[in-house]
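Protein sequences, first through last, are from chains U and X. The first sequence runs 0 to 680 under numbering that gives the first Met the number 0. The second sequence runs 0 to 143 under numbering that gives the first Met the number 0.
Hints in this document: simulated from the structure, not taken from any laboratory. Even glycine gets a Cβ: it sits at the ideal position worked out from N, Cα and C. One should not assume that every hint holds.
Short derived list, chain X residues pointing at chain U, Cβ under 7 Å [to be verified]: (1) PHE40; (2) GLU83; (3) GLU85; (4) THR115; (5) ILE141.
A few chain X residues that face chain U, going by a derived Cβ cut-off under 7 Å, partial list only [what the hints assert, rightly or not]: (6) TYR17; (7) THR37; (8) PHE86; (9) TYR114; (10) LEU116; (11) PRO117; (12) LEU119; (13) LEU142.
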Amino acid sequence: MGKATEQGASEYPSCPERSGQCAQYFFAVLCLWQTLALALPAYGQPDEQTACVPDIGKEVITREDILRHGFSRLADVLALSTLWHTAGLEGYHWQTAPPGFPEGTARWNLYIDDIPVASRVLGRNRLNALPVSLSDLACIEIVSGTDMEESAFLHAGALRIYTQKPKFGLSMEAGVAVGNEINDPGPFRYTLPETINIDRIGPVQTASMSVGKKTWQGHASGRLDELHVTDAALHDRARRLYYIPGTQTHIRTQALGFSGAFGPHPRNQRILAGISHTGDIAFFPETGFEIPTTHRIALLGAAGTLPLRGDGVVRYAVSSSRDALELRPNREDTDLDWTQRQFVAEADAHVRMLRIGGHARTLRGQTGQTSRLLSDANLFDLRLFGGLDARIGQRGRTRLVMEWIRREGRSGAVAYASMEMQPGAKQRFRLAGSYGAAPPDARNLWLWQERGYRLPYSTFRGTGIDEKPLPRRATVDAGWIRQGPSGVSGSVFLFYRGFWNDILPEYAIAWDGDESSFNTATRLFQGAGGHAAGISGTMAFRLSPALHQRISGTFEAVRRDGPLWLAYGERIPRLRIAAITTLAVADRFNLSALVRYASATSWPEYREASIEAAEVWPWRLPERFLVDLTASKRMAGDHLNISMGLRNLLNDPVRFHPAGAVFYMEFHLSVAARFTSIAGF
Amino acid sequence: MHWQKASGITFAAATPFYVGEVETGVALHRYSAVRRETPSFDALFTFAGWGVGYTAPRAFSWYAGMRTGIYHMLFEEEVGDEEEKEFSLALVSRIDLHLSQTVRLFVEGHMMRTYTLPRLDTAGLTGGIGLRFRNPDWLRAILK
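Isolated chain U (complex conformation) (with noise of 0.2 Å):
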């Protein structure tokens, strides 16, 4: 690992005297690869600790901050991106997208401690159903680009979730966070009788325990969460299936999750186990209103590496998870009837210079007690690749890999590339590409109906898709990060993604007035294409010693090939800006500030929608201005931590989906308590 080979470079015949005159282009690319590889080959770290740290195109967020901001929610977390974008119904499931990606293409991963778990269910994004709490995290990954320093090569980005590493000892934690949105008929009810009494934040309930000695470490919690439809006009729409008696529209989550690790660091071994259970609301663009909904989770999965011979390392993760969407009560008995089970293997290996790996997942779709009324209940994906790694001097590396992907029955093939400079301590830049063509990724809901899964009350019903020329996809990285203990540290990344012969749905979505509810057609759209190119840029400085401030903000563009791509760009705000500003009042005493700002959006598939309903369900979402304010104090030893914040500070009514709540100034009180003994260890 990192061991260099002394090997001049002149051992090897150059690039001209091997092709002649070079005359052709990619010969030339071909040679300067070969010259930088082979004459150069001092190999890449694949050990580095490189979680919870920054780098170009992926953004931290760690445990500190989630205290500081008093987050209860692991999809909440999502608001100090820039990079992502995220949409929101009801404020408790976000969907959210890497940037360049329009809401719909990406096929994001998702991994907890490096075991990859899936990420949606029918295309809905499950984060804040995962049976982790927000409590038990050292730090979350958002990365952005092209991700090729895990073991599976990503381009449509990852969230990387690290729980934390419990201490040596006992420890116990148990945590309340509350909070309450304004704006509450209170006791003028005559004003607006109709108006919806809870308005309630959470509570969410969390309490674990830890055990840690020197070769391994258990952690299990628990959390309880509610979250309660405060929005009016939501309210009536969700009421058209929810019926459970004495109580108000709400989602439920109960879970429980289990994690350990064991062998000496960092070559740790890790599994990870858990099951929730969530009573939830569902509101799917096919069906335009909430099905009421119990989606229950089971999950198992490992990751670890292990020493080959010499200073060959091999990196594993397994999982099977389980998502059954079944019957909550509703007037109609309506049950999305749905179980989803996921089998996945990563592995690669480092050997010298060499790197080989594999990712294979399997999913079975089940409706009902039978698969039969599936065409294919099985997908099947499996992904090999080979690549090389490689120095350029003392201060750069390269690294090429080829990967072939065999999807449904066909095969597709992704190049990629990527080279890094480090010219000082402080600094790198690195351009990073892809390109390929492969089988469409079928984990959403409309793939799944073309297979003959009926969604309830959906119209639409699939025409297959096996002939259809495969998706074409093109991704350009480029960044420079600065670094270090002190002083100014900032960032900026450059991003290009290309698409052709994409999937898309296309909606038309009507307003049924009788219903409270929308009507949607729907229909999928071969061949979209379409370019989203964009900037993003952080800085990260100190006025004063007390006083740390971080700026980042994202500029993006889609240019489009056809409308139906328009459309999808439009949703998401070009420019989206997030500012925070920390000042250490004193010892274990924190203020911070959270100010957000996102450009105004379009939803075109619903303005003839937004017309009918008197504009209740606004087609065009102005730009969004949000400041947050939070207060945190650690007292009794860092064993009691209480925050007590207000969001949404300036009361700007902010609405984040066109068939989305209304959210006003929020208060939160979040208090945590921790005690570690080492007593008997």
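Mind docking chain X on chain U? Use the hints.
Only chain X this time, still in chain U's reference frame:
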């Protein structure tokens, strides 16, 4: 005006906190309806606050601060619609007369906004007695 604020009671505990002092407490307020169409209600204000004080010569001191918390309204109404909780902010000003190192009398005025729609703005005057004592060690350990 929709309500007449009737009698109430407040209990608060305060401790020095960096600059100024921090306090936490509860206050019970009673409201009698003036109009027939609005209900009478009791309200429990659970709050945390911060403020700064200025000690005038001799026995007087003046304190100004703010409180924030949840206003829990309990209506004298039909079952199922009998309570509501809402976020509140209050500005507080207090004059203390120190009778001894331990005991003081105070008069406190507050203006409070509860963020219902429409807003519920109230004002009140409170008189009472305050006791000052050294924090027990366990409390000092927690606050550090």
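Do the hints match the structure? See the list:
Look at X:PHE40: its Cβ gets to within about 6 Å of chain U, closer than 7 Å, so that hint holds up. At about 5 Å, the closest approach between the beta carbon of X:GLU83 and any beta carbon in chain U falls short of 7 Å, and the interface hint on this residue holds. The interface hint given for X:GLU85 is met, as the beta carbon of that residue sits about 5 Å from the closest beta carbon of chain U, less than 7 Å. Satisfaction of the interface hint for X:THR115 is found here, the shortest Cβ-Cβ separation to chain U being roughly 3 Å, below the 7 Å cut-off.
The interface hint given for X:ILE141 is met, as the beta carbon of that residue sits about 4 Å from the closest beta carbon of chain U, less than 7 Å. With 7 Å as the threshold, the beta carbon of X:TYR17 comes within range of chain U, its nearest partner Cβ sitting at about 5 Å, so the hint holds. Residue-level restraint check for X:THR37 holds (minimum Cβ-Cβ distance to chain U is 6 Å; threshold 7 Å). Look at X:PHE86: its Cβ gets to within about 4 Å of chain U, closer than 7 Å, so that hint holds up.
Against a cut-off of 7 Å between C-beta atoms, the interface hint on X:TYR114 holds, since the closest Cβ of chain U lies about 3 Å away. Hint status for X:LEU116 relative to chain U: holds, with the closest Cβ pair at about 4 Å, below 7 Å. The beta carbon of X:PRO117 is positioned within 7 Å of a beta carbon in chain U (closest approach about 6 Å), and the interface hint is therefore held. The beta carbon of X:LEU119 comes within 6 Å of a beta carbon in chain U, closer than 7 Å, and the hint placing it at the interface holds.
With 7 Å as the threshold, the beta carbon of X:LEU142 comes within range of chain U, its nearest partner Cβ sitting at about 6 Å, so the hint holds.
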